[in-house]
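Asks: Next come the chains, spelled out residue by residue.
2 protein chains.
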Amino acid sequence: MKVAIVGTGNMGTGLGRQFSAAGHEVIVGSRDLERARTKAEEIGAAGHGTYADAIAQADAFLLAVNWWNIDEVLPQLGKVDGKILIDCTNPYTDDTYSTPADLGGSSAAEEIQRRLPAARVVKAWNHVYAQIVNSSPDFGGAPASVLLASDDTEAKEAVAGLARDAGYDPVDAGPLWSAYNVEKVAGVMITIAYVVGAGTDQALKIVPR
Amino acid sequence: MKVAIVGTGNMGTGLGRQFSAAGHEVIVGSRDLERARTKAEEIGAAGHGTYADAIAQADAFLLAVNWWNIDEVLPQLGKVDGKILIDCTNPYTDDTYSTPADLGGSSAAEEIQRRLPAARVVKAWNHVYAQIVNSSPDFGGAPASVLLASDDTEAKEAVAGLARDAGYDPVDAGPLWSAYNVEKVAGVMITIAYVVGAGTDQALKIVPR
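Chain order of the listed sequences is A and B.
Here the first sequence is numbered in my numbering, starting from 3 and rising by one per residue.
Here the second sequence is numbered in my numbering, starting from 3 and rising by one per residue.
So here's chain A without its partners, still in its complex pose:
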């Protein structure tokens, strides 16, 4: 799959590296072309460009930007019609991740889908620590789970395949409205890591009997 990475922070570069290592063609997008080039080289990506250039070359793109920059980023994505949008954002107001953004009962994923109706939004990886996407999803032989929420079954299956290729265990968590709850799972993980202080070297897993 050709996957554009929108954002060169920890989540974007980590997942870009894991997708690339799994044999997918990754194109790194950044507002800073020099940064895009450097990061692409660093993670073994096939190419780089602006957000819009990267997306134009890809079947899917990972939206890995901070929620508080979303209004600035969305208009820079260019044509997203029919593209799979993998949304790993979490709606917080700033980088202390202590104040959830007020979305009036909606979720980041649903808001993004509303603003980009022609994109095929799949919520994924939002509850997975950056530490994991920058190391390995393997936990003693068991892969970390990735909860997937989308109204587009085919897009959800494509992202499930991508997750599996990268060593994760994809879990169908239902329609896009389920992203509301899936985003709160990230809240639990953030609380465990930083409020309780248990750190980020642990993963959520849905285990069958």
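None of these hints come from the bench; they were simulated from the model.
Glycine included, C-beta positions come from ideal geometry on N, C-alpha and C.
There is no bait here: all hints are sound.
Selected chain B positions facing chain A (in silico; Cβ < 10 Å): (1) A175; (2) I194; (3) V197; (4) P210; (5) R211.
Keeping the supplied structure of chain A fixed, place chain B upon it in accordance with the hints.
Replies: This is chain B only, laid out in the frame that chain A set:
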């Protein structure tokens, strides 16, 4: 520990049986004394009584009633001062578990704590399927996790011990405000089981590296 069970539904009887099997003294509370007696016998409990009688004999009690009956149940609990209140409720409006109760940004656990300020509320087991509490928390040698949220550290530790004794892996999920997110985890699990249709023979686990 002496643990009263408030409610004789699937969660109450299942956890009562597991606590009892782990060597704790369980007292089954029901509004229907004959039902309390029958269930107590069925699960190997040490005693039974009304909600208030059961709680009066115990150090801790499991509040295992449906959220839509909460207004009716709370006034029947009697004196709860200093007692550990294990809250496994999920705020839904009815037994289809499709419509979350509107708590205006609060959680069931915080609402219960507000109404019973002298109780020591610990959120726990709300995201664990009744199927698991009525069979075993063991998943191929790995215990199902139980997320715990409370402002009372000592009470949280006591419930963690109870969970460990019953074969679960207790995970400190932070202060009581974290119950807001922990309750949404139940939403994810309900969606996976009943909307996606993956069933209930699976568990959430927080796995360390």
